[in-house]
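J.: Line order of the protein sequences matches chains A and B.
Numbers in my numbering are just positions in the first sequence, counted from 1, shifted up by 4.
Numbers in my numbering are just positions in the second sequence, counted from 1, shifted up by 4.
No wet-lab data here; the hints were simulated from the structure.
Don't be surprised by glycine CBs; every beta carbon is placed ideally from N, CA and C.
Warning: the hint list may mix true and false statements.
Below, a list of computed lysine to any residue pairs in the SDA-like style, where the Cα atoms sit at most 25 Å apart [to be verified]:
#1 A:Lys128 to A:Asp247
#2 B:Lys20 to A:Lys241
#3 A:Lys74 to B:Asn102
#4 B:Lys240 to B:Ala230
#5 A:Lys74 to B:Gly103
#6 A:Lys74 to A:Tyr104
#7 B:Lys240 to A:Arg158
#8 B:Lys56 to A:Leu80
#9 A:Lys228 to A:Glu273
#10 B:Lys56 to A:Gln156
#11 A:Lys196 to B:Met154
#12 B:Lys128 to B:Leu208
#13 B:Lys74 to A:Asn102
#14 B:Lys56 to A:Pro157
#15 A:Lys20 to B:Lys241
#16 A:Lys241 to B:Gly103
#17 B:Lys20 to A:Pro65
#18 B:Lys206 to B:Asn11
#19 B:Lys241 to A:Ser100
#20 B:Lys56 to B:Lys196
#21 B:Lys20 to A:Ser100
#22 B:Lys131 to A:Tyr104
#23 A:Lys20 to B:Leu208
#24 A:Lys131 to A:Ser100
#25 B:Lys20 to A:Lys196
#26 B:Lys241 to A:Gly103
#27 B:Lys20 to A:Pro157
#28 A:Lys241 to A:Tyr104
#29 A:Lys240 to B:Val217
#30 A:Lys196 to B:Leu153
#31 B:Lys20 to A:Asn84
#32 B:Lys128 to A:Tyr104
Negatives, chain A to chain B, calculated, CB over 12 Å [said to hold, decoys possible]:
#33 Ala19
#34 Pro87
#35 Glu209
#36 Asn270
There are 2 protein chains.
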Amino acid sequence: MFYFLNNRIVPAGEAKISVRDISILRGFGIFDFLRTQHGRPFLIGDYLHRFKTSAQLIGLPLDHSIDELKGLIHELLEVNRLPEAGIRLVLTGGESPNGYLPTDPNFAILIEELHWPDENWYRKGIKLITYPYQREFYQIKSINYLTALMLQPRARNEGAMDILYHNGEEISETTRCNFFIVRDNVIITPDKHILFGVTRKKVLEIARMNFPVEERTINLSELKQADECFVTGTGKKMISVVDIDGGIIGNGKIGKVTKRLMDMFNEFEAGY
Amino acid sequence: MFYFLNNRIVPAGEAKISVRDISILRGFGIFDFLRTQHGRPFLIGDYLHRFKTSAQLIGLPLDHSIDELKGLIHELLEVNRLPEAGIRLVLTGGESPNGYLPTDPNFAILIEELHWPDENWYRKGIKLITYPYQREFYQIKSINYLTALMLQPRARNEGAMDILYHNGEEISETTRCNFFIVRDNVIITPDKHILFGVTRKKVLEIARMNFPVEERTINLSELKQADECFVTGTGKKMISVVDIDGGIIGNGKIGKVTKRLMDMFNEFEAGY
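One chain only, chain A, in its complex shape (with noise of 0.2 Å):
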């Protein structure tokens, strides 16, 4: 495989960069993670503007234009000769003296064989566990994955995919996708304090066409009234929830509005 890293296209294994990078002494990055779909990258322009806006909120320079991205992912799609991808742009604090303040950055682009989930979270559906957590300053796609790293081993045991955040009343959003309730039909998902999606900007524009949407605040005590849940995400697509908590979600299979949104996800995607 190659890489981007800081103005030259390098193998993967020469990919390198110091362990004074501020990303690595202070967990102060960004990144961002899109896919190609018929070895073209798919909803690019979504992922390298929300790429651009998270640097400029987390105060980091990025060198270059959304077009000159958009180059460089071209040329190394080219490079590394996959049928599909996934791309992966990081953003670090850089090397930093003082062992503290961010310098100039380290940029890399990562390119990745696609690994998507399980075929059975599609047919089946999957299991959430809920844990009281804020992301701080949501809107930035930060390197920071403390908290949803911490609890993989619980999520595991208890037989989830994922964790869902809450801070106590309202849900956010879970550690990588975005959360929706379908309930008489209509389709419902938070509006603040989470990381807008590209994949959840396509479902609802989607599910617009076909449904009544509701972009506003989800209580927790709404869980138990949904008829269906799903989570979107880049490297998800959409996935049915059928159980948060141990708590089974309508009749705990797929339901119809869900399914009806995958297939139309899925001809979208076809047709990209």
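Knowing the structure of chain A, use the given hints to seat chain B on it.
T.: Structure of chain B alone, referenced to chain A:
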């Protein structure tokens, strides 16, 4: 400068790790930081014990015993030949195939020149600003400093040297220091939701010889009643706090209990 990286001593410029390390992709890792006094690592046992504890709590394997770590640090100090040095231990999530879950850690020991704060901080005291935030998994010295670094520009604008975290009611710690108040000659410091500092421990030990000490919850409202405030940390030792959010503490000068403790700490250090 020479660093230790995964079983080898290497020139600092060659101490590099893969951009696929989970510290870079997911901000997942721990560290600790100590320093020499008269060329010898100061209170090394406490620091290495905490580093081992952090590794255990975050779930990253550390292949070296405390004695081995002492040996490595000794060797590294010999090679670097600095009169005094900062010693930074870093243990990361490792190079992850799936870009998410930790694998075999990268372990590094960095040697740094020591930079003490401005002499004026010690003579005149410093200002803090407060911010509602609880460090995730606060018992672990993780590399997550996202909130701390994001707030730096605001602190700078307000002339503050650090940020004091609270949960809306109770005070915990600053971004990199433990926090104390003095009231009626009693020394009080939080005992919950904090990282237990090595300097904190030593200062408490010294304080107990001369003053009543309370390790207990400090409410935000108690700041107004404090006669004196100060912070402790490895890279700062003890610094008086004379202003919090624009509210002057005591008479706005270093208090007499703080001054006495600073002298006693310096004395202990000088005799180390």
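J.: Work down the list of hints and note, for each, if the structure agrees.
T.: Comparing the hints with the structure gives:
This hinted pair checks out: Lys128 (chain A) and Asp247 (chain A) have alpha carbons roughly 11 Å apart, not beyond 25 Å. Distance check on the hinted pair: Lys20 (chain B) and Lys241 (chain A) sit about 35 Å apart at the alpha-carbon level, beyond 25 Å; violated. This hinted pair checks out: Lys74 (chain A) and Asn102 (chain B) have alpha carbons roughly 24 Å apart, not beyond 25 Å. Taken as a hint, the Lys240 (chain B) and Ala230 (chain B) pair is honoured in the structure, with Cα atoms around 21 Å apart against an allowance of 25 Å.
A C-alpha spacing of about 22 Å is found between Lys74 (chain A) and Gly103 (chain B), which places the hinted pair at or below 25 Å, so the restraint holds. With a CA separation close to 32 Å, the supplied pair Lys74 (chain A) and Tyr104 (chain A) exceeds the 25 Å bound. A C-alpha spacing of about 38 Å is found between Lys240 (chain B) and Arg158 (chain A), which places the hinted pair above 25 Å, so the restraint is violated. For the given pair, Lys56 (chain B) sits about 41 Å from Leu80 (chain A) by alpha-carbon distance, which is inconsistent with the 25 Å threshold.
Of the pairs offered as hints, the one joining Lys228 (chain A) and Glu273 (chain A) is violated, with about 32 Å between alpha carbons and a cut-off of 25 Å exceeded. For the suggested pair Lys56 (chain B) and Gln156 (chain A), the alpha carbons sit about 21 Å apart, so the restraint of at most 25 Å is met. About 20 Å separates the Cα atoms of Lys196 (chain A) and Met154 (chain B), which keeps this hinted pair within 25 Å; it holds. Pair hint Lys128 (chain B) plus Leu208 (chain B) holds up; C-alpha atoms about 22 Å apart against a cutoff of 25 Å.
For the proposed pair Lys74 (chain B) and Asn102 (chain A), the alpha carbon gap of about 24 Å is at most 25 Å, so the pair holds. Using a Cα cut-off of 25 Å, the hinted pair Lys56 (chain B) and Pro157 (chain A) holds, with the two alpha carbons roughly 20 Å apart. For the given pair, Lys20 (chain A) sits about 35 Å from Lys241 (chain B) by alpha-carbon distance, which is inconsistent with the 25 Å threshold. Taking the CA atoms of Lys241 (chain A) and Gly103 (chain B), the gap is near 18 Å; set against the 25 Å cutoff, the hint holds.
At most 25 Å may separate the alpha-carbon atoms for a hinted pair to count; Lys20 (chain B) and Pro65 (chain A) meet this at roughly 22 Å. At roughly 32 Å between alpha-carbon atoms, Lys206 (chain B) and Asn11 (chain B) are farther apart than 25 Å, so this suggested pair is violated. This hinted pair checks out: Lys241 (chain B) and Ser100 (chain A) have alpha carbons roughly 22 Å apart, not beyond 25 Å. Taking the CA atoms of Lys56 (chain B) and Lys196 (chain B), the gap is near 20 Å; set against the 25 Å cutoff, the hint holds.
For the hint pairing Lys20 (chain B) with Ser100 (chain A), the CA-to-CA distance comes to about 14 Å; that is within 25 Å, so the pair holds. Restraint check: the Cα-Cα separation between Lys131 (chain B) and Tyr104 (chain A) comes to about 19 Å, which is no more than 25 Å; the hinted pair holds. Distance hint between Lys20 (chain A) and Leu208 (chain B) is unfulfilled; the C-alpha atoms sit about 43 Å from each other, more than 25 Å. For the hint linking Lys131 (chain A) to Ser100 (chain A), the alpha-carbon distance of about 42 Å lies beyond 25 Å, and the restraint is violated.
For the suggested pair Lys20 (chain B) and Lys196 (chain A), the alpha carbons sit about 39 Å apart, so the restraint of at most 25 Å is broken. With a C-alpha separation of about 18 Å, the suggested pairing of Lys241 (chain B) with Gly103 (chain A) holds against the 25 Å cut-off. Taking the CA atoms of Lys20 (chain B) and Pro157 (chain A), the gap is near 29 Å; set against the 25 Å cutoff, the hint is violated. Using a Cα cut-off of 25 Å, the hinted pair Lys241 (chain A) and Tyr104 (chain A) is violated, with the two alpha carbons roughly 37 Å apart.
Only pairs whose Cα atoms come within 25 Å are accepted, and Lys240 (chain A) paired with Val217 (chain B) is rejected, the gap being roughly 54 Å. The hinted pair formed by Lys196 (chain A) and Leu153 (chain B) meets the criterion: a straight-line CA distance of about 23 Å does not exceed 25 Å. At roughly 24 Å between alpha-carbon atoms, Lys20 (chain B) and Asn84 (chain A) fall within 25 Å of each other, so this suggested pair holds. Simply put, Lys128 (chain B) and Tyr104 (chain A) have alpha-carbon atoms about 24 Å apart, close enough for the 25 Å limit, and the pair holds.
Its beta-carbon lying about 5 Å from the closest one in chain B, Ala19 (chain A) breaks the requirement of being farther than 12 Å from that chain. Every CB of chain B is more than 12 Å from the CB of Pro87 (chain A) (nearest about 19 Å), matching its label as outside the interface. Listed as a non-interface residue, Glu209 (chain A) keeps its Cβ farther than 12 Å from every Cβ of chain B; the least gap is roughly 27 Å. For Asn270 (chain A), the shortest C-beta to C-beta distance to chain B comes to about 24 Å, beyond the 12 Å cut-off, and the non-interface label holds.
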